[in-house]
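Asks: According to numbering that gives the first Met the number 0, the sequence shown is numbered sequentially starting from 0.
Hints listed in this document are in silico derivations from the structure and should not be mistaken for laboratory results. There may be inaccurate statements among the hints.
[Stated by the list, open to error] With a Cα cut of at most 25 Å, we get these calculated DSS-like pairs of lysine-lysine: (1) K33 - K79; (2) K79 - K67; (3) K33 - K67.
[Stated by the list, open to error] Restraint-style ranges between C-beta atoms, simulated for each label pair: (4) E144 - P103: 32 to 38 Å; (5) A96 - R23: 39 to 45 Å; (6) I168 - D93: 21 to 27 Å.
Each residue gets a CB set at the ideal place from its N, CA and C atoms; glycine is no exception.
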Amino acid sequence: MPTVIALTGGIAAGKSTVAGIFARQGARVIDADKVSREVVEPGQPALHEIHETFGDEVMNPDGTLNRKALAEQVFNDPAKLAQLNAIVHPRVRDRVAERIAGAPDKSIVIYDVPLLVEADLPQPFDAVVTVSAPEQTRIDRLIAERAYTVVEASQRVAAQVSDEEREAIADFVVDASGTIADTERNALQIWHQMAAAYL
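Produce the entire structure from the sequences given, and follow the hints as far as they go.
Replies: The following block contains the structure:
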């Protein structure tokens with residue numbers, strides 16, 4: 000069996016950077032957001048079910064999902080959000096389980112899952128790595144790198160759980176508050192600890 004390690008962190012904390020560093024060390028990275036997009040592609044049963052549940056207004060003319068329209072329907076309605084999660088989450092779990100099963104023994108699979116704390120996943124992880132950076136650093140990154148306004152960036156950061164909550168479930172914490180070189184150095188230290196423990 001491969002070792003499965005969850006990688007989590009707040010928006011703009013540097014999680015993608017750390018996932019890339021781990022991948023270069025030989026880890027197989029499974030991106031939860033990417034899998035979530037795959038399961039709602041045209042022809043997938045989840046998209047058909049979303050269309051039936053939420054109506055024509057969540058579909059684009061070309062048969063793809065209109066994510067913005069769907070978000071407008073579900074994010075202020077807990078019952079609708081629960082319906083959407085009931086459609087998407089089991090399919091994401093199944094696809095992730097397939098990919099983990101396909102990984103070689105004595106390998107490390109990194110499951111990159113931004114909302115690990117919020118989603119309260121039942122997945123049995125061998126370890127959890129949290130990528131951490133101060134709120135203001137993350138807000139500054141969102142403004143500089145993703146062209147968010149100060150208000151948008153602050154709202155996005157505030158909408159997620161705190162670093163303290165993420166760190167409470169973590170076996171390892173990567174400090175990503177500094178430069179990319181600093182983050183790489185910190186991530187490699189964690190990688191070597193994990194490799195010693197699991198490979």
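Asks: Each hint should be assessed against the structure and marked as holding or not.
Replies: Hint check:
no. : hint                    : verdict
1   : K33 - K79               : holds, 22 Å
2   : K79 - K67               : holds, 15 Å
3   : K33 - K67               : holds, 17 Å
4   : E144 - P103: 32 to 38 Å : holds, 35 Å
5   : A96 - R23: 39 to 45 Å   : violated, 25 Å
6   : I168 - D93: 21 to 27 Å  : holds, 24 Å
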